[in-house]
Structure formats: structure tokens, C-alpha cells
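*Asks:* Letter by letter, the chains look like this.
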Amino acid sequence: MPLATMFAIVALLFCAAIPTTSAEPTSIRITTWNLEWFPNGSAKEAPAEQQNQRIKEAADVLRPIDPDIVLLQEVRDYDACARLGEAIAPGIYHVAICSAFREPFHSGLGRQQVGILSKYQAQAAWAEPWKSMNGVDPPRGFAFAWFKIGNQDVGVYSVHLKSNLITRGDREAEAAKNIRKREVAIAQLLTHIRDVIEAKMPSIKGVVIGGDFNTNHDQAMFAAERTLDSLADAGYQNGFEGLPL
Amino acid sequence: MLDTRTVLKDYLCDFIFAKNLKALQPIITRTTASDHWPVTRSFVAASVTAQSPATCTAVEAAKHVGEIATVTYRVDGVHQSSKGNIFLNLGGKYPNQALTAWIPSAGAGQFSNPRQLRFRAASSSRPLPLIGPTRAPMSLFALETATPGFRPFVLLRQIRQQLTSAGVSRGTVAVADHPLSPLRMGLII
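Each protein sequence line maps, in turn, to chains B and E.
Start counting the first sequence at 1; every next residue gets the next number (this note's numbering).
Start counting the second sequence at 1; every next residue gets the next number (this note's numbering).
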């Protein structure tokens with residue numbers, strides 16, 4: 001009996017609230033997906049055939065969703081993003097940005113990068129690693145792209161915050177460290193928005209932050225964590241708030 | 001087959017936040033991967049419609065059956081029954097309230113004082129949102145409360161009346177686990 005694995009994508013479609021010249025608000029569909037070591041499937045390099053198969057399968061999932069912007073996590077590199085975009089719809093998707101973060105304690109680039117695919121050409125895009133702060137050293141960083149959609153400027157972030165992986169040491173202490181790394185990362189992100197986006201790119205009014213936050217409001221272990229609350233406090237609306245199922 | 005609710009509860013760590021843009025109705029969809037997809041954990045599929053949610057007063061909420069709507073209201077009365085259920089009269093005092101919110105007794109224990117809801121409503125600078133329903137004829141509303149991470153669900157009285165008049169009479173009150181809340185919720189189907 002084939003093993004049918006259900007997986008999913010978190011997508012959000014929203015209408016921009018900023019007035020446009022047309023009567024209808026501009027709508028864009030944004031999807032975020034942690035593809036898990038894409039396209040290798042693990043930390044090890046997979047044969048080309050397997051990589052191609054995973055790219056095809058991911059594209060087959062994304063195509064009917066028809067996202068305008070895809071926030072990617074755990075993609076190996078720019079090439080993997082580009083091949084995914086081509087597999088979804090040739091000539092339609094552009095790689096706005098794919099990060100090239102280094103992994104701590106390893107040589108070379110990490111294989112869990114963040115990226116942004118889009119039907120729109122980005123006005124500007126870059127990636128930036130999180131900074132070590134008071135001994136807290138969050139892994140990876142963020143990818144950012146600035147899109148002009150209609151007559152609106154929208155800034156989009158793709159993030160993949162620290163996981164809850166604990167391989168050694170005191171579990172409670174390590175869990176607290178993981179939480180702190182996520183909180184520090186989001187604090188840096190909000191600072192970036194304030195000091196860079198709002199200060200230097202004032203035309204960008206709408207901001208989207210999506211990705212794998214590795215936390216939620218539903219599990220006791222995250223009860224005291226401020227990662228998501230920080231975004232809410234800063235005026236960000238959670239696309240899943242009140243999600244009725 | 002994986003239980004979607006379990007999946008949500010365990011793995012919903014993917015979010016999209018938006019500011020100065022209206023983030024709208026998330027819809028759960030599912031995809032079955034092929035044998036080749038090396039998924040080691042499960043995700044939840046969701047997409048959001050392009051439809052802009054209505055914002056209305058409690059009195060107008062009944063006009064939005066089957067739609068996602070943000071309802072702002074004032075809590076005009078709080079009553080806890082002898083069986084422990086909490087009833088909130090919204091948008092007017094009993095018996096002229098626009099909505100009646102119901103917090104099942106199973107979840108009522110999380111409120112040491114149900115009137116904190118009233119306090120929150122009166123003191124909050126932001127209106128408490130009611131969100132839902134997902135689709136007609138189910139009428140499910142989430143009520144954000146002052147209790148972190150806890151979202152009880154309320155029944156929209158007028159929707160129930162409309163369902164009844166529309167032939168969905170004797171609306172069954174079903175109970176189901178909600179993935180985003182430890183509470184067992186009530187809903188009308």
C-alpha cells in the first residue's frame with residue numbers, strides 16, 4: 001500500500017488596503033513552504049534524478065495554488081529556487097532572492113537557505129544574516145524583496161527561525177535558548193523594518209513577513225515565548241488568527 | 001490518513017503576517033504527495049481567498065452569514081449558568097442583544113472571573129474581533145479573549161435563527177476539537 005504523505009502549504013492571499021487608481025484593490029496570493037532540505041531531501045547530496053523528482057513534485061503542488069509570491073525555506077541555493085520556478089510555470093516565476101548564509105561550525109554555505117519566488121520582478125532584494133546579540137546567535141537570516149504591485153510598494157520577508165532541535169545538553173536550558181534565538185531574530189527583523197524600510201524606503205507601506213517560525217501559540221512549551229506576540233504588538237496581522245477549522 | 005487537526009496542533013508553525021495590508025480568510029486545503037516525497041513531518045495546506053472581509057457592527061453581523069467578517073461589539077452583559085456555561089450578551093442587553101456568545105463550561109474554567117471579558121472589552125483600545133463563519137451553514141465564531149492562547153467560540157444567535165428559517169431547523173450543536181485551542185468548541189451544523 002503506497003505511503004500517502006499529506007503535506008501542506010501555508011498560503012495567504014490578501015487585498016492591499018492602500019488606495020489604488022482602480023476601483024478594485026490589488027490582490028496577491030502569497031504562499032510559504034518549508035521544503036525541507038530541498039531538493040536533496042536531506043543534508044546529503046541526492047542523485048540528480050531524485051532532485052528532479054522532488055522539484056517536479058513540489059511544483060505540482062504549487063501550480064494549482066497559483067501563488068504570486070512564494071516564500072521558501074530550506075532551499076539549497078539559487079539554482080534550486082530557479083528550477084522550482086521553472087517547473088511550476090516556465091518563464092513566469094523569477095527568483096527575487098535566495099540567501100547564501102553560512103552554517104556555523106561548517107565550511108561553505110548552508111543548505112537551508114531562504115528565498116523568494118515571484119511572478120513580479122523585484123525592485124530590490126537582498127538577504128541578511130541575523131546578528132549575534134548578547135551571546136544569542138540565531139542561525140540563518142532573512143530574505144527580503146521589494147515589489148511594485150500595481151501602484152503599490154510592498155516589502156516581503158521570508159524567514160526560517162531557529163528550530164526546536166536539541167541534540168545535547170540540558171533540555172530545558174537548550175529549549176530556552178532556542179526560544180531566545182527566535183525572539184532575538186524577530187526583534188532584529190522589526191528593527192530592520194523600522195530603520196531600513198520605513199526610513200529609507202518610505203514608499204513601502206505594506207509589509208509581509210512569512211515563513212517557518214518554529215513556534216506557535218498552541219503548545220505549552222511556547223507559552224511564554226514572545227516571537228509571534230512581538231509581531232502582533234508591532235501591528236502585524238496574523239493571517240491565521242482565528243483560523244476556524 | 002493523518003488527522004488534520006492533529007497535524008495543525010503539532011506542526012502549525014508556518015505563518016504569514018501582514019501590516020498595512022488586509023490579511024484574509026485562510027482556507028485549509030490538502031495535498032497528497034507521491035511516494036517519492038521525503039516528507040518527514042506533515043504540514044497543513046492553507047490558502048486565503050481574495051475576498052476582503054466585511055467589517056460590521058454586531059447588529060449587522062447576521063447579514064454576513066457564510067462570509068468572513070470582523071465584528072466589533074460591546075459586551076453588554078455576562079452571565080454564567082448554574083452548569084458553568086458562560087453567555088456573553090453582545091451589542092445590547094438581554095433580551096435585545098445582537099449576538100449571544102457561548103463559552104462551553106468545559107472552557108469556562110479558564111476564566112477565574114468571566115467578567116474579565118467585559119473588562120477587556122471596555123478597556124481595550126482595539127475592538128475584540130469575531131471571526132467567521134467559514135462557510136454556511138456552519139456558524140462558528142472565534143472570540144479573542146484576554147487569556148493568552150485561548151480562543152473560545154461563540155454561537156451567533158441570529159445566524160442560528162436564520163438557519164432555522166432557512167430550513168436547517170433544529171440546528172445540531174456539535175462538539176469538535178479545535179486545533180488552535182485546548183477547548184472543545186461548539187458549533188452549529
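Calculated directly from the structure, the hints in this document are not laboratory data.
Check before you lean on any hint, since a few could be wrong.
As the list claims (entries may be wrong) - Derived pair list, reagent style DSS-like, types lysine-lysine, alpha-carbon separation capped at 27 Å:
hint, chain 1, residue 1, chain 2, residue 2
1, E, 93, B, 200
2, B, 148, E, 83
3, B, 205, E, 19
4, E, 83, B, 119
5, B, 205, B, 131
*Asks:* Evaluate each hint against the coordinates.
*Replies:* Hints versus structure:
Annotation: proposed proximity of residue 93 of chain E to residue 200 of chain B is violated, straight-line Cα distance about 50 Å (limit 27 Å). Simply put, residue 148 of chain B and residue 83 of chain E have alpha-carbon atoms about 56 Å apart, too far for the 27 Å limit, and the pair is violated. Taken as a hint, the residue 205 of chain B and residue 19 of chain E pair is honoured in the structure, with Cα atoms around 8 Å apart against an allowance of 27 Å. The hinted pair formed by residue 83 of chain E and residue 119 of chain B fails the criterion: a straight-line CA distance of about 56 Å is larger than 27 Å.
Restraint check for residue 205 of chain B and residue 131 of chain B: the C-alpha separation of about 25 Å stays at or below 27 Å, so the hint holds.
Hints 1, 2 and 4, counting from the list given before, are not met by this structure.
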